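Residue numbers (the numbering used here), protein chains in the order written: chain A, 68 to 378; chain B, 68 to 378; chain C, 68 to 378; chain D, 68 to 378.
What the hints contain is simulated information worked out from the structure, not anything from laboratory work.
Check before you lean on any hint, since a few could be wrong.
Identical chains blur together in the list; that is why a pair holds if it fits in one copy or across any two.
Within a straight-line C-alpha distance of at most 27 Å, the following computed BS3-like cross-link-like pairs (lysine-lysine) qualify [what the hints assert, rightly or not]: (1) Lys-326 - Lys-228; (2) Lys-162 - Lys-228; (3) Lys-319 - Lys-228; (4) Lys-168 - Lys-96; (5) Lys-96 - Lys-369; (6) Lys-228 - Lys-369; (7) Lys-78 - Lys-104; (8) Lys-375 - Lys-78; (9) Lys-162 - Lys-132.
All values derive from a computational prediction rather than experimental measurement.
Okay, here's what each chain looks like letter by letter:
There are 4 protein chains.
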Amino acid sequence: MEITHNAINLKGIIPPTVTPLLSSGELDKKATERLTKHLLDGGVHGFFILGTTGEISSLKPSIKKELISLTCRIVDRAVPIIVGITHTALDSSLKFAKVAKDNGADYVVAAPPFFFPLDQQDITAYYTRLADLSPLPLFLYNFPAMTKCSIEPDTVAELSKHNNIVGIKDSSGNGVYFQKLLSVKRSNPEFSVFVGPEELLVQSVYSGADGAVAGGANIFPSLYVKLYEAAMAGDQETINRIQPIIMEISQKIYGNSSKSSSYLCGIKESLYFLGICESNICLPLVTVDAETKERIRNNLEKIIFKIKSLG
Amino acid sequence: MEITHNAINLKGIIPPTVTPLLSSGELDKKATERLTKHLLDGGVHGFFILGTTGEISSLKPSIKKELISLTCRIVDRAVPIIVGITHTALDSSLKFAKVAKDNGADYVVAAPPFFFPLDQQDITAYYTRLADLSPLPLFLYNFPAMTKCSIEPDTVAELSKHNNIVGIKDSSGNGVYFQKLLSVKRSNPEFSVFVGPEELLVQSVYSGADGAVAGGANIFPSLYVKLYEAAMAGDQETINRIQPIIMEISQKIYGNSSKSSSYLCGIKESLYFLGICESNICLPLVTVDAETKERIRNNLEKIIFKIKSLG
Amino acid sequence: MEITHNAINLKGIIPPTVTPLLSSGELDKKATERLTKHLLDGGVHGFFILGTTGEISSLKPSIKKELISLTCRIVDRAVPIIVGITHTALDSSLKFAKVAKDNGADYVVAAPPFFFPLDQQDITAYYTRLADLSPLPLFLYNFPAMTKCSIEPDTVAELSKHNNIVGIKDSSGNGVYFQKLLSVKRSNPEFSVFVGPEELLVQSVYSGADGAVAGGANIFPSLYVKLYEAAMAGDQETINRIQPIIMEISQKIYGNSSKSSSYLCGIKESLYFLGICESNICLPLVTVDAETKERIRNNLEKIIFKIKSLG
Amino acid sequence: MEITHNAINLKGIIPPTVTPLLSSGELDKKATERLTKHLLDGGVHGFFILGTTGEISSLKPSIKKELISLTCRIVDRAVPIIVGITHTALDSSLKFAKVAKDNGADYVVAAPPFFFPLDQQDITAYYTRLADLSPLPLFLYNFPAMTKCSIEPDTVAELSKHNNIVGIKDSSGNGVYFQKLLSVKRSNPEFSVFVGPEELLVQSVYSGADGAVAGGANIFPSLYVKLYEAAMAGDQETINRIQPIIMEISQKIYGNSSKSSSYLCGIKESLYFLGICESNICLPLVTVDAETKERIRNNLEKIIFKIKSLG
């Protein structure tokens, strides 16, 4: 009997976790533990490790293995774990899907291979093969700014029929595209649709999305959980109080400079301020300058004050 | 005493070799041997293995190791070998630089990491670290259509001062950019500048480039060697006879369809026709359809006839 | 005493009207009259003539003048009229701003000049001068797919302080960008923010936008008005019944083919089916083929049936 | 009897002239006369007025008319004149083609309409109609950085058969594309192919192009004429002495800053230094800052010194 998978246990705020690093470039295990507990304490509904925010593409295999193992052990099935396996070589993705499975993770997620420009036929063939061979149910990951290609809605509709493909995370920020994904979901309600950019959390959930892979939930997990719950409950008053703070995090913490690393440094610098991990990032990204770090900290203090004022 | 490296032994036609694959996806070792000898017989001046044409990003590590080892053994120092180590993770690139060194290769070449959008500061920091740690002299590799970033001429000028960075391969096809690279070379004549697109071989060599990493030299190595020699000698008559054939290969063999795999299938299908290797390619690229393959073969026959008519 | 303008009388559904054309290329005045009345009957809250949907860039000056004059006369101040004055030459934009004023229109709207790539300083300088000289209050128009540039949120914030700039229409489809515009509006509540893509009408209004410049309202004005009212009232049940139809219009009427003219032909062909105007479009756009037109009509019939079933 | 046109009287250096402007924004007629004579004295082989360098898109109709009339009168048939008629509305282009004809100009040139994204069928239909109706022979103008579309080589090949289309100016800077244009020319030798970027003058002429529309020839007309003649004669020694200066003009005069107006300000500031015209430019472009102007002047002095040293 064939089992068709779905991800109906997965809803809400799924932080794309940063990867805490020592200055040597190795995984900071203690910080990983602190971060994981910080997120569990904040009430997040799942983990997405080794995503773009997790610097998956920059990490060597040994760090990826350690991070999968450590996170799975600490979370200890309290909430579902999605493991990023994005890689340009299919075999390398599958190798980490197996590591994820062996450590008790629940799902894997992969963006399309991102070296060659791809057409929709390439994308369909690739995901079909990956899903055929993956030992864990697979999420698609749409992120054209990184991969140069978009997984078109018709392609998603076709792939959503594969019994080992359970959903999609869309980080395009493209509202019309996202509405088309929700059309796919209307035809196939068990197909999960998560939004990447947290600025769109409310409107996405309101429109029928299953949740948000919100980077800011690394810093303030309970804030994003509260916003998600308000969106689900149609509690417009709470939304009106939190959404301006979400935008302030977006504009003042992520939008700190024109550096490529701006978003990532915004999050890691904030976590450093909160005593969770160092702000080290991997090459090829280069960190922002000292003045910018100072500005991030100042803005963070103001944001923390506003969050506390929410009560 | 510090040794400053250069690549002055490297001039002329350096084919970016395809990676012959069995239908199982494993390396076709016999075909690799046939291809390598075909190229040596054709008089090529060096090898560039594991480039874009070699599908580096799609191959699993074991195939990359086998290919490096096998090619180095067969070439047996007859000509220099450049090994592609392009990867998004610096450690993974270095691992293969070591494999290249251990097998007796001469140079490595890396495109910038291609997942995150990068700024020039990122690119400079990345290449500096890579060159600091690489056991073999390093070529830069500019290919914006794949990597989303351009290594700007000022960045190249700065990196060219690093004593372990010996040159650049430019596959942008951007003529103005290439002239700016030649300005860098005028200030630093030992810095090697190779052009990617073979359509630009003549004008690039004529303008001062060191040679071409010509994909078509996989199929017709001696034709490209002859064209290179004509360009070096200013033999306009020979150029006028060969350049139209180069353009016909470009337009009728590579430009066979609108598929992403069009260029690669054009070369591999031609090599299959010549009895050198199967035309299998790796996911995520999907091969062209049967009708297109037929068209490639028909066009190839006409081109072979024209090459024979050159005498 | 200085008067600061705003557009607080402008809320809701503002169709970007098509320009009905005779096969000779001249304005079809009778069809323009039919279309205008069709929209007024449908309850639209304003008109946006000479936008992208109105083919402004392809029309000769005399047609633009006739259209402004005719529309103003028929609407007869029943609802506000915004006139598109987008042009690469500032003087040409101003000339039509004067025509709009002389005919009794209420606002003008201009996208940034779209030939040269522009930086934010250019955009600010251009709009400041245009607003200084415009005889009617000005809307900004963000449409990067057409103009190659984005009016960044910081630029919008600065321009929103100009006393003759009253709002912005955003056709980027970029959800994060739109949320940043709403942040601008939070600081300056009289600044109007309209969304272009009608697929985003509900979520935009729900998030605080003033309305939508919905292309589909050319065809079904009352449907979009009803959806707007439901969004304003938080009537989720009505939204759930209408939004799937909006997406069907988007995917089956606009997304009829890969032609550049797909969206425009979808609307004009539908209006032809409804007996409102011919489906003629201007060069450089070339119309879709007969088979596609047939498909549009078939899809339209199904959509009309669904709209009627709404009751 | 049908006459098939060609542009065989047009070869060599055709400067895309700047449009001298008073600070009021009106045409500076005296400066236009000075510039025109400066170019004639420098031995240019033709004029291309109202191109991108001439700010065609930013000028109001009356200035365009004055410039056509004035230039034609001063040149007085000494060399051919090409008039830019690029506009998004076909009728507006034709209106200026008639003005060009009436004033005795020889050719017109138009880029594709640049507001809507276009496909190749649109481009073909547009140029066919424009050529059918143009009273003067037409050049195509490929400039994807401005127009968002490329006139693909197959499209150029088809259009080159139209008896009123005589050639193409390519400002893409894409070397492979340009080689494909030269393939079109090999099949149709009377079809003229001009290169835009002057950095590519030598290699383009060497490869078979008819000449270059060199912006720098506004400043130093005889330098570019000398380089063209050297390229035609295969005089490598002269090329080796001039090409580095061409690159210095490109990098130090045009590449003066990251402003959108960098190239244009580089030329106009240089002409101001030479006493030919003011450096005023039109909105939407904003001029570079005072420090940059100073840097341009300093670099220009060094370049002038090097040119004088050529003898």
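Going through the hints against the structure:
Taking the closest pair of Cα atoms, Lys-326 and Lys-228 come within 27 Å of each other only across two copies (25 Å); inside a single copy the shortest separation is 40 Å, beyond that limit. Only within a single protomer do Lys-162 and Lys-228 lie at most 27 Å apart by alpha-carbon distance; the minimum there is 24 Å, versus 40 Å between protomers. For the homomeric pair Lys-319 and Lys-228, the shortest alpha-carbon distance between copies (21 Å) is at most 27 Å, but the shortest distance inside one copy (41 Å) is not. Taking identical chains as interchangeable, the C-alpha atoms of Lys-168 and Lys-96 lie at most 27 Å apart only when both belong to the same chain, with a minimum of 21 Å there against 33 Å between chains.
Taking the shortest Cα distances, Lys-96 and Lys-369 never come within 27 Å of each other, neither inside one copy (30 Å) nor across copies (59 Å). Taking identical chains as interchangeable, the C-alpha atoms of Lys-228 and Lys-369 lie at most 27 Å apart only when they sit on different chains, with a minimum of 25 Å there against 47 Å within one chain. In this homomeric assembly, Lys-78 and Lys-104 come within 27 Å of each other (Cα to Cα) only inside a single copy, at 19 Å, whereas the closest approach across copies is 47 Å. Taking the shortest Cα distances, Lys-375 and Lys-78 sit within 27 Å of each other inside one copy (26 Å), while across copies they are farther apart (35 Å).
In the homo-oligomer, the alpha carbons of Lys-162 and Lys-132 lie at most 27 Å apart both inside one protomer (10 Å) and across protomers (17 Å), since each shortest distance falls under that limit.
Hint compliance for this structure: hint 5 alone is broken.
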